[in-house]
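Peer 1: The primary structure of each chain is shown beneath.
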Amino acid sequence: MKKADKVRKPITTRKRLFLFVLFGWLLLILGDRVGDLELYQGSFVATYALGITSVILLTGYSGQLSLGQSALMAVGAYAGALSIFNAGWHPVIGLIMSALVAGVFGLVLGLVAARLSGPYLAGTTLALAISLPTLANQFPILGAEEGIVFDVGLPPARFGEEFSQYKWFFWISALAALIMVFFIVNLLSSRYGRTFKAVRDNPVAAQLAGINVGRLKVNAFAISSGVAGLSGGLLVMLISGVSPSAFPLSLSFSLLGAAVVTGLYSLKGVILGGLVLVAIPEIADSLVSRIGGSESFTTVLPGFIVSALLILAVVFTPNGPGHLLKKHH
Amino acid sequence: MSLIVEGLTIDHGAIRAINNVSFKVPQGQLAAIIGANGAGKTTLLRTLSGLKDASSGSASWNGVSILGKRAEDLARSGIMHVSDGKSVIAELSVKDNLALTGLWQKDKKAVTAATNEVIELFPILGQRMSQSAGSLSGGERQMLAIGRALIARPKLLLLDEPSLGLAPLIVEQIFQTIKSFVKKMDLTVVLVEQNAMGALKIADEGIVLNLGSVVAVDSAEKLLNDPAVRSAYLGF
Amino acid sequence: MIRQFALPIWGSKMTQFITAVLTSLSSGAIYALMAIAIVLVWRSTRVINFAQAGQAVLTTYIGYTVIQRTGSFWIALVVAVLSGAVIGAVIDRFFMRPIFKRVKSGPIVMIAPVVATLGLLGIIQALIGFIWGITNQSIEAPVSTGGYKIMGTVIAFSNYNLLVLVFVAVAMLLLTLLFQKTNIGLALRASAYSPEIAKLSGIKVDSVRTLGWAIAGASGGLAGMLYIPGYFLYPNAMDLLLVLGFIAAVIGGLESLFGAVAGAMILGFAIIFSTTYISPKLFFPTAFIVLILVLLVKPSGLFAAKKSRGA
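Sequence order for the protein chains is A, B and C.
Those letters in the first sequence? Residues 1 to 329, per my numbering, in order.
Those letters in the second sequence? Residues 1001 to 1236, per my numbering, in order.
Those letters in the third sequence? Residues 2001 to 2311, per my numbering, in order.
Treat the hints with care, as some may be off.
As the list claims (entries may be wrong) - Pairs of lysine-lysine, DSS-like flavour, derived with a Cα cap of 25 Å:
| # | chain 1 | residue 1 | chain 2 | residue 2 |
| --- | --- | --- | --- | --- |
| 1 | C | Lys2101 | B | Lys1069 |
| 2 | B | Lys1155 | B | Lys1179 |
| 3 | C | Lys2101 | B | Lys1052 |
| 4 | C | Lys2204 | B | Lys1069 |
| 5 | C | Lys2181 | B | Lys1108 |
| 6 | C | Lys2204 | C | Lys2101 |
| 7 | B | Lys1109 | C | Lys2181 |
| 8 | B | Lys1155 | B | Lys1069 |
| 9 | B | Lys1024 | B | Lys1052 |
| 10 | B | Lys1155 | B | Lys1201 |
| 11 | B | Lys1095 | C | Lys2101 |
| 12 | C | Lys2204 | B | Lys1155 |
| 13 | B | Lys1052 | C | Lys2204 |
| 14 | B | Lys1109 | C | Lys2204 |
| 15 | B | Lys1108 | C | Lys2204 |
| 16 | B | Lys1184 | B | Lys1109 |
| 17 | B | Lys1095 | C | Lys2204 |
| 18 | B | Lys1106 | C | Lys2181 |
| 19 | B | Lys1106 | C | Lys2013 |
| 20 | C | Lys2013 | C | Lys2298 |
Stated by the list, open to error - Taking beta-carbon pairs under 10 Å as the criterion, some of the chain A residues facing chain C (in silico):
| # | residue |
| --- | --- |
| 21 | Gly63 |
| 22 | Leu67 |
| 23 | Val112 |
| 24 | Arg115 |
| 25 | Val260 |
Calculated directly from the structure, the hints in this document are not laboratory data.
Please read all numbers here as calculations on a predicted model, not as lab measurements.
Where a beta carbon is used, it is the ideal one built from N, C-alpha and C, also for glycine.
Full structure from sequences and hints, please.
Peer 2: Below, the structure written as structure tokens:
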């Protein structure tokens, strides 16, 4: 056991922090060089990357297949919007509330979900994903169809005139994503994190080894929901408001699809996944302009591409492309 | 028409369950395959009946290879495998269980005749036709499984530990029944058993497996009297 | 067309109750059809076929096109059911079977079939968008949807609702006869209970399974055509029905057709009664709460045999 530890030099927390800060700095510099459109898209990449992280944590690491990410994002989004709009709190608090409220919701949900397996869990979360957003229509405080405004305000004056709203979005979302992903990566590399892998690979053995599988699953659900909630909060920041239609079932599919394609069992591919999700509508658009098609065509093409990718990924690279690079362990 | 197995090797994941096994069972004979638990006997039968793939080697019945074929096709061509343990469908009635091997047979009259023969052979089944198979005792279930196989008028019968978990009296009954219809129906039988004594007593040939390899092949009588076999497997 | 019944005078409370009961029955009947489709596939393949939502809406679109061409709901219904069977069989034979063969090991083996059906759902819905567009369509009911009039008050139960009940009852009867009294039915049951013993008995388990998918597809096709009149037809129109069918199947225990129907009725009554007597806003919450309750209290379903088999 000791020899293996020596051969694989584990990345310490300090090193990891350094890498993340470095990366953040790079993003900052990059942010100065690109235009508003790229900044806006970049914000979405960060947001989706967070969403994919939550899927990987839940499905890849704790083995629970859930279709409810869109619902959890919605919970986070509404929580954040309500904190800012109705309670008048600072936007940062709003985002924190997104994560917290969604996390608590996920904890409760996880208590139920931990007892479910495979298709039962998938079906239940499917039901959740379809029905939860409609709840907003029932309660006027949630703003019904039009939703609530989510306003992070203008960039602080000291950044100068040149600092656009989109750059502000980018800073916020990239920073939030970096912090959250750092936290998650740390968690997964810790001793506690290794128990996840043990449970996923062989739950019976893990149980016999003394790991409380049920509690682990519930925790995974809570944490993953918190991440999803933050992602939801960021998403509605970008679209300046939250409404039921912002979180359709297809969002869950897209996140799951991107996660499977870029590697369900490792967080290394989340940024790529985010890029894929942002790129797909663009690709669809250019495809349509090249081969022509009706408006319906344009609308359904992204969904088609995501679904096709999902099937191909499941069939041809069952463990995600990352596994193809790693040798058999 | 014989069962000829040559150099058969079967892997179960990383474990080599059967290693270079060869034997021959001429038509009309009853061969007993004995050996301790884990000797690979069940894996061997499952490969012969098409439920599992072999890694290398050959097995043929009647001159035709039986490896790599689908289990249902082999079953329809006259090779019947009565597996160990759950060999009946508990949720279906006795009558339905018996009907399974007749569903695909074209000659429905023959199926009815065969079913009646089986009921004569195992009268207890006739009394319990409408009961669920799950409510039967262990011995009755074994009779049901064997009866179902016989309705298909098989030529090669693979029996996996029919005595498992049964009282000695019933075991004796079943073994005698097997012996009797081998003669009657010109069957070739491969009988896998932990109950080495009972199996060798009714068999013509004996094959001893240990940890996946053949350690002895001989007539059953000779094996019964072989001191090494007796001390290792017969307990005296 | 409004019928008049000569009945003793009842108050509005009674009318409300009768309406609720009748509506529960007709709602439950449609959920039952979808639940049957889900249970059939689950028993034969151990997969929850999420693509059923896509299959059912696809066959309904096909029915819609038939109505455009022929003007007849009945012809469309027959076509929808038949095409449902064909599509179901094709999906099992050319999509599910290769996937099961390919994905045999690793942690993915648990979720691969589920994810595959989800992906298939997305593809079917996208295809529908390509072919028919995504704007709402509608299908007219073949008989009146006006409520019956009892002693001066109109109850929310129409000829159409009655038609749905009759159709579903007949379908149930036919399926029961098929499963219990025919050789094919026995083969289907045997293959579902124990594929290995069925194979060893000479039953072509793969073909039988494809047949199971065909029957499930036909059931979904019938459900779709009966469900849509009165609602809008768009690619995602059956998502809700799938979820309700799934919940009904879970309530009933996923193991028997009888359980599926019973579960559907329970769900129908729960939803209709809570929306009628408590609040119309409780449609989804009720469905969800019933699901959670069953999963927590008796996960193997209310009607499962005492010896519950592993999932």
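Peer 1: Holds or violated: are the alpha carbons of B:Lys1052 and C:Lys2204 at most 25 Å from each other?
Peer 2: 16 Å, holds
Peer 1: With a cut-off of 25 Å on the C-alpha distance, tell me whether B:Lys1106 and C:Lys2013 pass.
Peer 2: Between B:Lys1106 and C:Lys2013 the Cα gap is close to 62 Å, so the pair fails against 25 Å, i.e. violated.
Peer 1: Starting from B:Lys1106, check that the Cα of C:Lys2181 is at most 25 Å away, please.
Peer 2: Roughly 19 Å between the alpha carbons, so the hint for B:Lys1106 and C:Lys2181 holds.
Peer 1: B:Lys1109 and C:Lys2204 were given as a pair; does the straight-line alpha-carbon distance stay at or below 25 Å?
Peer 2: 22 Å, holds
Peer 1: Holds or violated: are the alpha carbons of C:Lys2204 and B:Lys1155 at most 25 Å from each other?
Peer 2: Status holds; Cα separation ~20 Å.
Peer 1: For the pair supplied as a hint, B:Lys1108 and C:Lys2204, confirm whether the alpha-carbon distance does not exceed 25 Å.
Peer 2: Given pair B:Lys1108, C:Lys2204 holds - Cα atoms ~18 Å apart, limit 25 Å.
Peer 1: Can A:Val260 be said to touch chain C, with a Cβ gap under 10 Å?
Peer 2: For A:Val260, the interface hint holds, since the closest Cβ of chain C sits about 7 Å away, which is under 10 Å.
Peer 1: Hold the hint about A:Leu67 up to the distance rule: shortest CB distance to chain C must be less than 10 Å.
Peer 2: 8 Å, holds
Peer 1: Against the 25 Å threshold, does the CA-CA distance of B:Lys1155 and B:Lys1201 hold or violate the hint?
Peer 2: Distance of about 22 Å is within 25 Å: holds.
Peer 1: Would the hint linking B:Lys1024 and B:Lys1052 be met if the CA-CA limit is 25 Å?
Peer 2: 20 Å, holds
Peer 1: For a C-alpha distance cap of 25 Å, please report whether B:Lys1155 and B:Lys1069 respect it.
Peer 2: 17 Å, holds
Peer 1: Does the structure keep B:Lys1095 and C:Lys2101 at a Cα separation of 25 Å or less?
Peer 2: Roughly 34 Å between the alpha carbons, so the hint for B:Lys1095 and C:Lys2101 is violated.
Of the numbered hints given earlier, the model fails hints 11, 19 and 20; all others are met.
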